[in-house]
Amino acid sequence: MRSERSAKGDRSGGMNEANEATAMSGMSFGRGPTVKTLALRMGAEPLGAKDETLTDSSVQILANDGARSSAPLVNMGDASRAKIEIQNYGFYNAAVTRKAVHGRFLDVQIAQAELLKGAMAHGGHSDHDPKLFKPTMDDKAPFELIREHGPDEKLWTTIRSGEKASFLVRSYGAPVAGARVTFVSQEGWRKVVETDANGRAEFTLIRDYFPDWADFNRRHSGVFLVWAKKETPEAGVYGGQDYAATRYQASLSGRYYPSPADYESYGYGVGIVVFVTAFAGLSIWLFRQRRRKCFKEIVFNEKLA
Amino acid sequence: MKSSLDGMAPNWRQRLTLPRGMRDAINGVDFNRFRFWLQIFFFVLLVYGGFTGLNLGNNLPTFSCGYNQNGRPGVCYLLPLQHQLAMPTKALLGYASLTILSGLFIFFLWFIVLNKGWCGFVCPLGTVQDWITDLRVKMGARFTRYSQASFETLSWIKYVLLALMIVIPLGIGAGYFSHDLGAPYCMICPARLIIPTLALNFDQLVLDFSSPGKIVMTTLGAITTGLFLAGSFVKKRFWCFFCPMSAFHYLLSKPAFFRLIKDGDKCTRCGDCYTVCDLQIKEIADDVKNPQIMMDDCIVCLKCVAACPEQGALKATFAGRTVFESTEEGFIKRMEKGTRA
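Those protein sequence lines, which keep their order, are chains L and S.
Throughout the first sequence, residue numbering follows the numbering used here, covering 12 to 316 in sequence.
Throughout the second sequence, residue numbering follows the numbering used here, covering 5 to 345 in sequence.
Next comes chain L alone, as it looks inside the complex (with noise of 0.2 Å):
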C-alpha cells in the first residue's frame, strides 16, 4: 500500500463481489455450492475505484456458523481476484488485511464484504430460519465493520434507496464508540458521522438515480462504500519497524436498488380495482334492470270470444 493513499484519508480499499453462475442463487433450485468472484479495489468512489493488486495475500472467511477458510488472491493483470465457495444459505465474511508501518503509525487496512448465498426460497427450509439472516460477526477481529440486517431482512432481501443502513464498528466482539465511519454513494455523495457508545453509525440511502423514464430500470444497482477508522495507541514492532500507535481502517461495499416508491403507486393500483369493482357491479345492476319487464296484465275481452 502507497502511504499516500492512507495519509490522504478518503481513499478506502473494497472489495465488489460478483456471483458466478455454478449455481444460480436467488432461485430456491440453487441447492449446490455457489461461488462468488471478490475483486480488490481502491479508491474514494465507488465508480472511481480502481482494481488493485495484493500479493501473498489471501481471503479470509468467517462462515455463519462460525467456521473460518481462506482463499488465496490471484493476480490477474492489475487485478486481485479470490473465488470463494460457499456451501450453505446465510451470510458470510470475507476479509482481506494488509498492514504497514508508517512513521509512527502501524497503518491496518481491513477490505471486508459480505457475501450472500441467498433463495428466493418459495417456502423453501431456508425461507424460515432466522439464523440465517443475520450477520456474520467475527468477535476475534481487532476491527470490523459490519452492517446491520433489518428485522424482515431475508436471503432475498434487497437494500433500497430511501432506506435507513446501518453498520457497526466493532473491535473483539465489543462496540467501538467514536470511530469514524464515512458513507459514499454510487454517485459520490457522502457523509461522515462518528458511531456512538454501541458502535453504531446510521445513514439514510439517498436516492441518486435519476434516468429518463424510459431508460428506468427497477434492478438498477448502485454501489455503496463504507469505511470507518479509530487510531488506538496498540504499540509494537512489525516487520522490524517499531510502532507507537495503530490506525485501523476498515472498509465494506454493498448494492442498492431503486425505492419502490420510484415507480410504484398504490393510489393507481386501489383506484383501478375500486373503479372496475364498481364499474363492473353497476354494469351487472343495469343489466338487470334492463332484463326486467314490466307486468303486463293481459285483459280477455270475453264479449269478442
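Calculated directly from the structure, the hints in this document are not laboratory data.
Among the hints, erroneous ones may be present.
Unchecked claim - A few chain L positions that, by computed beta-carbon distances, are all more than 12 Å from chain S: (1) Thr48; (2) Gly173; (3) Tyr183; (4) Gly251; (5) Lys307.
Said to hold, decoys possible - For lysine-lysine, the following DSBU-like pairs were computed, each having C-alpha atoms within a straight-line distance of at most 35 Å: (6) L:Lys142 <-> L:Lys175; (7) S:Lys142 <-> L:Lys307; (8) L:Lys304 <-> S:Lys286.
Just so you know, even glycine gets a beta-carbon here, dropped at the ideal spot from N, CA and C.
Use these hints to put chain S onto chain L, whose structure you have.
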C-alpha cells in the same frame, strides 16, 4: 345356505369399513357447516400459518400465495413453476429440467390426496369467494347463472390461461419476452392482491410504472381483482371457472385418491345436485352413464352429494372406500336445517 364368501377373511376394504352408526352420522352431517369450518381452518393455515414458522414447501396445489411473504406456510406451485420455466432454454434442457420434474412430482403427491378437493375445501381464494357469496345472500341480492352456451365457451378460458402460463415463461427464457412479464399468471391472479392484503401486507396493491411490461401486468392484475370482487358477488365461485390451477388439476386427476362417484342407476335426475352446484355443471344431473362424474370445472365441494336425496347415488370415495355418500335420511336432516345458497 352358505355363501362361498362365508368363512373367508374379510378383505382390507371390509376391515376398514366404518360401523354403521358412524357411517350414518357422517352421511347425515350438517355438511355445509362442516365445510364452512373446514374452510376457515385451511384459510387460517394458508394465509397466516407462516407467522408460526410452518413450512409446507413450495409445491402446494392451492393458492397459498407466494406474495404473502410472511403469512404463507408454503407456496402455490404455479409461482415457482413459472419462474423455473422462465430459465434460459439451455438450462431448461439441462439440469433445470430435473428441478421442474422434482417440483412437479411433489406437487403431484400433494394433489393426489385430495384431487380437486384442494379447490373446494382448501383454496383460500375459493373460501373468500364463498364468503362473498354469503354476503350476497345476507344482502338479499340474487345470483347469476351463465347460459349453457356461455358456460361452454367460457370454460375454455382456464385452458387458455394455463397454456399462456407455460408458453410465456418459456418465451421469457428463450429471449422472446421481457423478464418484466415475470410470473405472468401470478401477475393477473386476484390472489396476488387479495391474499397478502388479508394478511395485512399491502405491497401488491400497487401499479408498477417501472417498465411498459410491468405497467401492463400490474394493470391487468388490478382489473382482474376488480372483476373478481364484482363477479364473485353475483356468481358463485366466479374465478374458479377461469382458474388455470383448476385446469392443471383436472389434467392430473385420473390417479387421485379422492373421487366423486355417481351411480346412474340410482339417479332420478331430480336436478338437486345441479341446483346447488356452484360451478353450474350440468353433467352432474344429466349424465347417468359415467360413474367418474368429476368434470373439469368441478371443485369437489361435495355440495351435490349433500343435496342428493337418493341413497348412494352420489358418493365421495378415498382410495376406493366411501367416505361420504348421499342418503335419504341425511338429505331430510339437512333440508330440515335449511341449506346455504
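> Which of the listed hints are not met by the structure?
Replying inline: The structure conflicts with no hint, since it agrees with every one listed earlier.
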